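Please model the complete structure; the sequences and the hints are all you need to start from.
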Amino acid sequence: MLSQLIVSGVVAGSLYALIALGMTILYRATTVVNFCHGEFFMLGAFAAMVAQRSFGFSYAGSVVFSCVLLFAIGLAVERALMRPLQRAPHISLAMMTVALSYLMKGVVRFFYGREVDPLPPMIGGDQISFGSISVMPDDLLTMGFTLVVVAGFFVFFKATQAGKVIQAASQTPRGASLVGINVPMLRNLMWGTGALLGAAAGILIAPTTLVYPDMGATMLMHAFAAMTLGGFGSLPGAVLGSIVLGVVENVMGGFVSSSLIDVTDYLVIIAVLIVRPQGLLGESRISRG
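Be aware that the sequence shown starts at 1, since it is given in the numbering used here, and climbs by one per residue.
These are calculated hints, taken from the structure and not from any lab test.
Note that this is a predicted model, so its numbers are computed, not measured.
Glycine is no exception: its CB is placed at the ideal position from the N, C-alpha and C atoms.
Careful, some of the hints might be misleading.
Simulated restraints, written as ranges between beta carbons of each label pair [claimed, not checked]:
| hint | residue 1 | residue 2 | range |
| --- | --- | --- | --- |
| 1 | 133 | 84 | 49 to 57 Å |
| 2 | 128 | 1 | 17 to 25 Å |
| 3 | 3 | 53 | 32 to 40 Å |
| 4 | 79 | 270 | 33 to 41 Å |
| 5 | 258 | 112 | 25 to 33 Å |
| 6 | 60 | 182 | 27 to 35 Å |
| 7 | 79 | 175 | 17 to 25 Å |
| 8 | 255 | 127 | 19 to 27 Å |
| 9 | 162 | 58 | 31 to 39 Å |
| 10 | 128 | 182 | 44 to 52 Å |
| 11 | 276 | 128 | 34 to 42 Å |
| 12 | 185 | 114 | 32 to 40 Å |
| 13 | 185 | 1 | 50 to 58 Å |
| 14 | 85 | 267 | 29 to 37 Å |
Here it is in structure tokens:
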């Protein structure tokens, strides 16, 4: 039983990591904590579902449609709403993302109500068994996609000139502008990239969670707890925190009480802030210039 709970926790952690990675990438590039990332995730799932049902797209076509649409929405959010607040305090930026979160949910509820709809899995098939442990084919796809994303962005930020420029621009935007770096364009692209990752996560997770307007809220809380545990700004930390959180939730739910699953996120956040505020793999604090 313990081995199955651990594997199920790793699978759940991979789902959390997809959300946490999108938030971490944006935070690393802009130092903004995006509280509407859960709605990017939700909109990605809805866009894929609408593309299949209303427009007759294939599954692959609906994935491309959703990712492109959310990339454009991310660009628009940064350009129209976040850029005018760049010189404002961080709390203003955070409150704008909170307001945008409620706006997006309200718009979707207006058109679709509170109905819960299924999205078919990307890979069908029966459970795959490894001795006493069983996983679904879609679980393997999610874990593989998570590994590819974190490896790709880790290399991008650590080993490429563009990644280093983006991080430098986030730490000292005025200095970056003085040497000719187009800081607003970089921020715009990272918002689009973050929204695109949210869409991809929504499509992968929707067959498990189903599609409904509030689906992003719970996943956002999981991702936020994982980022706090792993360390804000750390891509490996986002993944490690997500995996640890998923395993802890499943083990506590299996051996203690299933009601503890709902409060684990909050317990983790409180414990980390008291014991190790920078998280497991946290970096030194980034300040805006």
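Status of each hint after checking the structure:
In this structure the supplied range 49 to 57 Å holds for residue 133 paired with residue 84, their Cβ-Cβ distance being about 51 Å. The beta-carbon spacing between residue 128 and residue 1, approximately 19 Å, falls within the hinted interval of 17 to 25 Å. Restraint check, residue 3 to residue 53: a C-beta distance of roughly 39 Å satisfies the suggested window 32 to 40 Å. In this structure the hint that residue 79 and residue 270 lie 33 to 41 Å apart at CB holds, the actual value being about 37 Å.
For the hinted restraint 25 to 33 Å between residue 258 and residue 112, the CB-CB distance of approximately 30 Å keeps it satisfied. Checked against the given bound of 27 to 35 Å, the beta carbons of residue 60 and residue 182, roughly 33 Å apart, stay inside it. Our hint of 17 to 25 Å for residue 79 and residue 175 holds, since their Cβ atoms are close to 23 Å apart. For residue 255 paired with residue 127, a C-beta distance near 23 Å keeps the hint of 19 to 27 Å intact.
For the pair residue 162 and residue 58, the beta carbons lie near 33 Å from each other, so the given range of 31 to 39 Å is met. In this structure the supplied range 44 to 52 Å holds for residue 128 paired with residue 182, their Cβ-Cβ distance being about 47 Å. Between residue 276 and residue 128 the beta carbons are some 37 Å apart, a value that agrees with the proposed interval 34 to 42 Å. Evaluation of the 32 to 40 Å hint for residue 185 and residue 114 yields a pass: the beta carbon distance comes to about 39 Å.
A hinted range of 50 to 58 Å holds for the C-beta pair residue 185 and residue 1, which are about 52 Å apart. As the Cβ distance of residue 85 to residue 267 is approximately 33 Å, the hint placing it in 29 to 37 Å holds.
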